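A.B. asks: Residue numbers (our numbering), protein chains in the order written: chain A, 1 to 92; chain B, 1001 to 1092; chain C, 2001 to 2140; chain D, 3001 to 3140.
All clues stand as given, with none of them false.
Across the chosen pairs, the derived CB separations fall in these ranges:
hint	chain 1	residue 1	chain 2	residue 2	range
1	D	Glu3040	A	Phe57	24 to 30 Å
2	C	Glu2107	B	Gly1064	18 to 24 Å
3	A	Lys25	C	His2094	48 to 54 Å
4	C	Gly2124	D	Glu3040	55 to 61 Å
5	D	Gly3082	B	Gly1080	46 to 52 Å
6	C	Val2128	D	Pro3021	17 to 23 Å
7	D	Glu3040	C	Arg2006	39 to 45 Å
8	C	Asp2036	A	Gly64	40 to 46 Å
Since the hints were derived computationally from the structure, they do not count as laboratory data.
Since the model is a prediction, treat every value here as computed from it, not as a measurement.
Note that the Cβ used here is the ideal one computed from N, Cα and C, for glycine as well.
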Amino acid sequence: MKVRVRFFARFREAFGPELEVDAIKGETLLEIVRRAASSKRDGYSTLFEEDGRLKRFVIVMHNGSRVEHADAEQISVAEGDEIAVFPPVAGG
Amino acid sequence: MKVRVRFFARFREAFGPELEVDAIKGETLLEIVRRAASSKRDGYSTLFEEDGRLKRFVIVMHNGSRVEHADAEQISVAEGDEIAVFPPVAGG
Amino acid sequence: MIGIQREDIDLGRMIERARVPEAGAIVVFDGIVRDDDIQEMELEAYREVALEELERIAEEARRRFSLAAVEIVHRIGRLKVGDNILAIVVSAAHRSEAYEGSRFIIEGIKAHVPIWKKELRRDGGRWVEGEANTMNGIES
Amino acid sequence: MIGIQREDIDLGRMIERARVPEAGAIVVFDGIVRDDDIQEMELEAYREVALEELERIAEEARRRFSLAAVEIVHRIGRLKVGDNILAIVVSAAHRSEAYEGSRFIIEGIKAHVPIWKKELRRDGGRWVEGEANTMNGIES
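Whole structure, please, built from the sequences with the hints as guidance.
C.D. replies: This is the structure:
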C-alpha cells in the first residue's frame, strides 16, 4: 500500500520534497512519518524528541487537513494517502 | 482697509466664493463676517442664531488658522487679512 | 508627494514611489465614488489650507508610525461613480505601522482637511455632512 | 482572483477588479522584500493546501466584513529586495470594513497558509520562523 510523505521548508531540505512509503495495513500516520524520517541519517532527531514524541512545532497534515499529534498516533493510513510534514508557516 | 472674506460649500452657494469688505480700523473678525453675510437677503440667518451668535457648526479661519467663535469677537482685522467661513469639512 | 488635483490619480506611480528599500509593507487606501443612487459628486477645497493640513497630517503620521514614505492625492471637481476621490499610499518596515499609519491619515483627512463634497442626484444636490461632529474642522 | 504564482503581481489589474459600483473604499496591502541585509528570498508553498486556505480566508473575510471584492496573489520562487511577495486587494462600501477585512486576511495568511520563506544572505540561508507561535499552521 503506497503512501506519499511530503516535506516542506527545512524538512524538505533534510528529507527531499517527497518520499513514497510502502505501508502495512493498520500503520498509523505517525508510524509512517517515523519511517520516512529514518530514511536519512539524523533524520529522526529533526522531527522527534528523544522520548519518541513529535517535536511540538512539527505540523502534520493528512490529505490536506491538519491532524493533532495525538490523532496522528491513532489514524491508520489508506492506499494513496498524502501525509505532509512541515515547520510553522511563514507566509505573507 | 481691504479684507477678503471667502466662503466654501453651501456658504459659497449662499454668498459667492469671496467678498471684499471695506473694514474700519478696530473692527473684529466677527463684525466683518456679519457685514459680509448681510450682503445677501437671508444671509444673516444662514450663519447666525437669532441671538446674534454664530451658529455652533460654522467654522471661521483667519489667515489660514482656525479661530474659536469667542476669539473672533475679539481679534481685530488688519489690511489684507483673509477670513474664511465654512461648514464642517467632509474630505476623503 | 502631497497634492490636490482635478486630474485622475496615478496609483501605480504613487506605489512605485513608496517602494523604498527599507519598506516591507505598502498599504494603499483608495476612496472612490460609491453608487449610492448618486449620479455625480462635486468636490471643492480651500486649497491652500487643505494642502497645509495634508502636509501636517502626513508629517505626523510619518513620525508616529515610522513610515518610510507617504503619498497623498485628493481630487476636486466633478466625479462620477467608480472615480478615485482620494489615494493614500504609505510604506513602512512592518505591516502594523503601514496599516495604522494609513488609517491615521484617512481619519485625519476626514476630520481636519477643508474639502467638501456635494452629491448630485436626479432630484438635486446634497452637501455631505462632516462625519465626526458639527464642531470638527481645522484645529487652531 | 486568488492565486499563487512565480510571475510578478499586476497590482493595477487587481485594483481595477475590486472597483465595483457598491465599493466606496479599496484597501491594498503589498508585502515586499525588505532590505534587511538580505540578498534574495526564496519562497515555497504547499500549493494545493495554500490555495484552499487562501480561498477559505477570503470567503470568511468577505462574509465578516461585507467585502465587495477580494483579490489575493502570493508569489513563490526567488525574489529580490523591493519585489512583491503578496498582494491583497479588498473593496467595501465603507473604509472601516475595507481596512479591517484587509488586516484580517493578512493575519490569517501569516498564521494559516502553508508558505515558507528563506532569507538568502552573504553568509548563508535562514528560514523565517512562523510569527504567531510554534503551534501555528493550518487549523484542523
